[in-house]
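Just so you know, the protein sequences line up as chains A and P, in that order. Residues 1 to 231 in this note's numbering are what the first sequence lists, from first letter to last. Residues 1 to 448 in this note's numbering are what the second sequence lists, from first letter to last.
One or more of the hints may lead you astray.
Here chain A is said to cover these stretches of chain P; the calculated rule only asks that three of the stretch's residues, wherever they fall, bring their Cβ under 8 angstroms from a Cβ of chain A [as the list claims (entries may be wrong)]:
no., stretch
1, 5-15
2, 32-46
3, 434-443
Listed next, the in silico PhoX-like pairs over lysine-lysine satisfying Cα-Cα at most 20 angstroms (straight line) [to be verified]:
no., chain 1, residue 1, chain 2, residue 2
4, P, Lys299, A, Lys150
5, P, Lys48, P, Lys90
6, P, Lys299, P, Lys13
7, P, Lys332, P, Lys48
8, P, Lys332, A, Lys150
9, P, Lys46, P, Lys332
If you anchor each label on the Cβ, the simulated ranges turn out as follows [what the hints assert, rightly or not]:
no., chain 1, residue 1, chain 2, residue 2, range
10, A, Ser126, P, Leu22, 34 to 42 angstroms
11, A, Gln173, P, Met413, 29 to 37 angstroms
12, A, Asn71, P, Thr328, 34 to 42 angstroms
13, P, Leu22, A, Gln144, 39 to 47 angstroms
14, A, Arg217, P, Val345, 37 to 45 angstroms
15, P, Ile8, A, Lys201, 45 to 53 angstroms
16, P, Ile8, A, Ser126, 17 to 25 angstroms
17, A, Lys201, P, Leu22, 53 to 61 angstroms
18, A, Arg73, P, Met413, 44 to 52 angstroms
19, P, Met297, A, Gly122, 51 to 59 angstroms
Think of the hints as simulated: they come from the structure by calculation, not from any bench. Note that CB positions come from ideal geometry on N, CA and C, so glycine has one too.
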Amino acid sequence: MSQLSVILKAENVHKSYRMGATRVNVLKGAELAVNEGEFIAIVGASGSGKSTFLHVLGGLDRPDKGVIHFNGRDLNRVGARELNRFRNEKVGFVFQFYHLLDELTVLENVMLPAMISRSVLGWLASRRAIRQRAESLLEQMGLQERVGHKPYQLSGGERQRVAIGRALMNQPQLLLADEPTGNLDSATGNGILNVLDTLNKAGQTIVMVTHDDRIARKAQRIVTLVDGRAR
Amino acid sequence: MYKLTLIIRYLLKRRITYFATLAVALCVFIVVVVMTVMSGLVGQFKQKNHEFVGDCVVGTESLVGFPYYEQFMAQLKESGFVAGVSPVVKNFALLSLTNYDIKKGVEILGLDPVLHSQTTSFAQTLHFRAAEPEKAFVPIHEPNAAGCVWGVDVILLRNAQGQYSYGARPPRLSLTLTGFPLTARGALAGVGSNPARTESFQYSDYSHTGIARVDGSLVYIPLEKAQDLCMSGQEKRVSAVHVRFSPDVSVEEGTRRVAELWSRFKQEMVGAPNSGLLDGVSVQDWMRYRRAVIAPMEKEQVLLSLMFGLVGITTVFIVFVVFHMIITNKRKDIGILKSVGASNVGVLTLFSGFAFSVGLIGSSMGTLGGWLFLAQINRIEQWLYARFGFQLWDRTIYAIEDIPNRVEPEVMMIIMACAILACLVGALVPSYQAARLQPVETLHAVRT
């Protein structure tokens, strides 16, 4: 891979948490470079800091020390407004527990990132195109019949596919998936992995966190977090 | 756009929101109804007192009265800003109904019915002589006898609907009033065993001012008769001169000018016999003159406002608790929204907008409900009375006919604005806390 194709680079990332009276150092100089179009799996034991690393990579959390470059830009140096835009446009998150909004329909959940990036007037101007994009994503996920349903009316696998649709709504450069199959049975989990695989083959860059080596083997590259460092 | 969508969904889908909206609606309903009725009562009471007294009173508390009032009235008439002046004698007397064994102490008000009608609403308070106040003291049954007008509650009882049974003509009643004339020095004028003076009158009309204390104790008689009954001396004296200003002169401005005139007049009269009595005379606008009766009612209104201030604080607290519960329940949503790019300001706006909507809907419901209730309040009261014998204000005690229910749009707007503000204040802290939440904290914590 050439140096130009690196879209995300983490250097010497440190992160610690306070748990009661003690401070737990989760990341101790973790490093990672993600090339465009790659499918990376981050594995590690429970509590090794995989999810924390993913959150830091996606701008959901800030590192105590170290640098995250996205397309050459240091995320530590951008303001809150810029970071919100980064989370809205450049990355898409898929969580283990789906994290859908119960008040919104499946279609609205998928459209949520587009709603956030637009004012009421902006929304009115582009709602047709946004709706088409969301419907097309749901069709890709095999959920075209579930458009008007509420999340609690769906199965776990369906919910996760809605979450993937939402993550892809604004066509992010990077998809970050945190244990996307962790809450699903094996067959449903495989279905989700197939979706991710298909997306990757279509050019989507994916970084996935999992504790399961079998699932990790679906990725092109496996990074193991041990003692707060990536290997 | 997501804020608007979520606000609508939170409003429609969260049952706890209904309770918050209902709490706001109830508070607004109570405030609108009670404030309207109370301010209506106070407003009516002030209006009646204003009409009873005129715009301004130059008078003394002393039963002795003050002399030279005619000269001062002449100066007032010449001043150009006065539309009416009326001298009155206020005093006490013993009333005896001839042929009945009824004797009672009353207040008497001696006045010239024409001058007093030009200055106050005296003519409108009369029942039989409202259109011809010059005949107020002319008894229908005996036109050549001296007449007197009674406060309506002195003689008539009201029914439960607050109405009097006047009859077609005034009753044929003879009475005597006994007073104790005082000299200019304040001593009893009568000597020996009979210091009192008695005058006979025929009953001529009722006066209904709508002020319970006035209608229940006052007997109006001709000015000269009152002077004979209560005062004695070389110079004629009165207790007060009531003044009404021209329509273009405000009460404050008119009273100030009367006070200036009075001050000059007093200087001019220095050295005249008994001019010392002028020192006890004060110039007051109608509100100050009647403050002893108006102040307690205003105080009640202030107390009521304070109580409703507490209701407002309760609303803020209810909204705070409800929003705290909603936001605690919505921590996951906040994390999700932030993970897809929502800003702190966006989250703050979302929950503040939600609070605003709860306030707007709740206060609109409360205001509409209050308005509808007030529109029907008298019918409701009549129905309650007919069905259960319950009356909110016993008309045999309270000098009102209908419960005041005129809604002031500005007052409604202020109450609505206060309710919305209360909701925003109540939601401020929880919304701010929500906006400050870190997405990672909330997403880690929630496993659904």
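Right, here's what the structure says about each hint:
1. 5-15: Holds: 5 residues of the stretch 5-15 of chain P have a Cβ under 8 angstroms from chain A.
2. 32-46: Per the Cβ count (0), the hint is violated.
3. 434-443: n = 4 at 8 angstroms, threshold three: holds.
4. Lys299/P with Lys150/A: Since the Cα atoms of lysine 299/P and lysine 150/A sit roughly 57 angstroms apart, the hinted pair is violated (cutoff 20 angstroms).
5. Lys48/P with Lys90/P: holds, 19 angstroms
6. Lys299/P with Lys13/P: violated, 45 angstroms
7. Lys332/P with Lys48/P: Violated. Lysine 332/P to lysine 48/P sits at ~62 angstroms, over the 20 angstroms cutoff.
8. Lys332/P with Lys150/A: With Cα atoms ~16 angstroms apart, lysine 332/P and lysine 150/A stay inside 20 angstroms; holds.
9. Lys46/P with Lys332/P: Violated, because 58 angstroms separates the two Cα atoms, which is more than 20 angstroms.
10. Ser126/A with Leu22/P: 34 to 42 angstroms: holds, 38 angstroms
11. Gln173/A with Met413/P: 29 to 37 angstroms: violated, 52 angstroms
12. Asn71/A with Thr328/P: 34 to 42 angstroms: Holds: the Cβ-Cβ distance is about 38 angstroms, inside 34 to 42 angstroms.
13. Leu22/P with Gln144/A: 39 to 47 angstroms: Between leucine 22/P and glutamine 144/A, where Cβ atoms are some 40 angstroms apart, the hint holds.
14. Arg217/A with Val345/P: 37 to 45 angstroms: holds, 44 angstroms
15. Ile8/P with Lys201/A: 45 to 53 angstroms: For lysine 201/A against isoleucine 8/P, whose Cβ atoms are near 40 angstroms apart, the range 45 to 53 angstroms is violated.
16. Ile8/P with Ser126/A: 17 to 25 angstroms: holds, 20 angstroms
17. Lys201/A with Leu22/P: 53 to 61 angstroms: holds, 55 angstroms
18. Arg73/A with Met413/P: 44 to 52 angstroms: Roughly 51 angstroms apart at Cβ, these two residues keep to the hinted range, so it holds.
19. Met297/P with Gly122/A: 51 to 59 angstroms: About 57 angstroms separates the Cβ atoms of methionine 297/P and glycine 122/A, which means 51 to 59 angstroms holds.
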